[in-house]
Amino acid sequence: MAQMTEQEILAGIGKIVNEITGVPASEVTPEKNFVDDLDIDSLSMVEIAVAAQDEFGVEIPDDQLKHLKTVKDVINFIQS
Amino acid sequence: MSTDQVRVVVTGLGATTPLGGDVASTWSALLAGRSGVRDLTTDWVDSVPVKFAAVAAVDPTEVLPRPEARRLDRAEQFALVAAREAWKDSGIEKVDPERLGVVVGSGIGGITTILAAYDTFKERGWQRLSPYTVPMLMPNGAAGWIGIEVGARAGVHATVSACATGAESIGYAIEMIRSGRADVVVAGGTEAAIHPLNIGSFSAMRAMSLRNDEPERASRPWDKNRDGFVLGEGSGIVVLESEEHARARGAHVYAVAAGVGYSADAHHIAQPEPTGAGVMLAMRRALQDARLAPEDIRHVNAHATSTPAGDVVETIAIKEVVGGHPLVTSTKSMTGHLLGGAGGIESVFTVLALQERVVPATINVDDLDDGVEVDIVRRDPRELPGGRIAAINNSFGFGGHDVAVAFTSV
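Chains A and B supply the protein sequences, listed in that same order. Quick note: the first sequence uses the UniProt record's numbering, first residue 1, plus one each step. Quick note: the second sequence uses the UniProt record's numbering, first residue 1, plus one each step.
Isolated chain B (complex conformation):
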């Protein structure tokens, strides 16, 4: 690797989440320790064992003009809302379209469109299908729409790696800028999967929390009594830019997107590898790629989804690779698990933690599980030190994908 590698910086943030319709409202809710999980009131709730989810705080159809919303899948709606916020936040007024890219993925794609369209097809025939059905259901649809919106011609990509999608997209975007293919890339993840088929399918895996009597207490990473993840929805998007490009236009720089590490478990299609070897490899590679030492890492936004199998082994990997000193949190305790959107919003949170020097607490950790030997931030947010510090956002996905993205403060 050359020593004069292009540095990539974060210059724009956007999010729409179960905690708020934008970055500011989401971040203040995280610091307040608020849960975005609520009872489902839909007519299909009786057909599934889980009666709650982390529904988006602001319905995207309230924000988008109706003609636009009707040709977008909900996952695309979230992504477009978040991308517009991030793009505006970046302050970019003009960029060479051939130097502008997009990398935005979704874990599942337009599944609510697929299922609703199939009902229409069966009941009323093909003539009644929206001519936008295909662009609504394809998993690269969000990336395509954002590319049209900002005029990106350097390349529009959609990585798909289940719950690692958002982080992998950001990693791919870092590499796109470093390799010289683009100066600016809009990157992140989105998901809209709160549908009885998904809840039923995840329930068939016994992966979801069944704490129906206490929805707000259901997402409890590292707590002894955790019983599964809580499904969330929304999108998190960042604008990444070569440092040179950002400095030349006097942009506000949130953080440096310092590096990314990928690995795969090669173990089981859905269960985490029990020694954490894959997670360790991804984190080590992120450190290497970002040229950081373990002691530089002062914060980890963990993947920890509140499932019995995965949470503790991740902390073992964190301790092994970077040590017991970083402040570790799982914001999924409040947002629920956004699947392909998780790495997007959690990268936004990691960047904000570095800028604001504060780590949101993991809520609902009443009784810390055995074997957790890292510093979990509980009850109240905790301050990060000044000076140049680094943080990692971990994201893992079914299929055995492990991704760690490293950011450093400016």
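Chain A with its partners taken away, still in its complex shape:
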């Protein structure tokens, strides 16, 4: 798969977060912390991670997931 741009990944994450939690995609910006800023609980984070794996074809192991605190962390993980 061709390398996705940060903007494309951000749009994909915004769509997933909106689908799962109802938070508007426009609020899902790189600096946002999932727990503190977007009020997303740990169960929903699991759902988001599974959906992100499907969307971006990147496996996110549980021990990595807990380090992904912000939207930017997820973008970086997917790009790496």
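These are computed hints drawn from the structure, not numbers from a lab. Ideal Cβ positions, reconstructed from N, Cα and C, are used throughout, including at glycine. One or more hints might be untrue.
[Stated by the list, open to error] Beyond 12 Å from chain A on every Cβ pair, some chain B residues (computed):
#1 T41
#2 D43
#3 L115
#4 L129
#5 E244
#6 A277
[Stated by the list, open to error] With a straight-line cut-off of 20 Å between C-alpha atoms, the simulated DMTMM-like cross-links for lysine to aspartate or glutamate are:
#7 A:K72 x A:E6
#8 A:K69 x A:D36
#9 B:K122 x A:D54
#10 A:K15 x B:E68
#11 A:K15 x A:E31
For chain A, the structure is supplied; the task is to place chain B on it using the hints.
Coordinates of chain B only, in the frame set by chain A:
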């Protein structure tokens, strides 16, 4: 029992049923004698002998925001929709959370979640299971979600007694308020069991109507040609409140939740006890608990599910305990049988009958069965008298549970 027992009143009603997505639309359909039973159009219908059911009139996923709906089992979705209506209807703006409780049960729980999740598990592995699978399948899930919604901290409970669940929940809620544990309790039942496994299993018991050519005529309690119950889905919820609490905030009071009677058949796991002894005991205890005389009871919303075994014996019990005078109806002729939701919606209907002074007719009773010696309301709704009157909602469940809830007019 003390003579200054706390009186419990009904101050909020909510329902989502095969007849309508709320109380008002359901009630007007009942008075119009409309059936909520329809042909099933699902892809699995060929695998089961019954091709129809009383499907909810309004799909809860059309009402609930998508992120919320996806983490709720369908039974929880119905319960939350009905609870929100009841809560809004009660007009309660503020209540001490430690004085607020919930008692909402389901007969089967999140069975569609269990079955779908097992398919996901087998086909795609545990990693693909929703992290909400457990709270979706547990039978206390609806009570838990409603408790979070209203902020209930006095206790959140889920009684489970098959098709008596909704009535038992309301009984338990009455007792919660009387015993001083709460001032306000959200109570009722919910069910979402229209799934081929359930239809197949009930069919294996030979309990369901097979009137595939006339679905709307299939639920026909007390009719000679009844051949089984019709599966329905939905939820009915009431807000119960101590009279003191309700009066202090100037609430509209629909009726008094005057008392409850419980008994058990100790006879057969699924068949009704043939003399009606258990039903009589529950009704007598309800009268006692509500301090009502048999002649006070002017209406009975019967359990009558349209099965050959149960309908007539219930009327024998009604006649024995309260007499032949009450107006008796089975709203299941229109809603189908909501299992754990039945006692919830039927308590809502009983309360509305007392307030509106009218009893919906039982539809499809073309040829009244032998041995029915009570006054069954047929064809058209009938008026109830003015003044202070009382009514009973009967609910019975597999396991031999008998519950009678008594309400009085205000």
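Verification of the supplied hints:
| no. | hint | in the structure |
| --- | --- | --- |
| 1 | T41 | 27 Å, holds |
| 2 | D43 | 25 Å, holds |
| 3 | L115 | 20 Å, holds |
| 4 | L129 | 9 Å, violated |
| 5 | E244 | 38 Å, holds |
| 6 | A277 | 48 Å, holds |
| 7 | A:K72 x A:E6 | 9 Å, holds |
| 8 | A:K69 x A:D36 | 9 Å, holds |
| 9 | B:K122 x A:D54 | 18 Å, holds |
| 10 | A:K15 x B:E68 | 16 Å, holds |
| 11 | A:K15 x A:E31 | 17 Å, holds |
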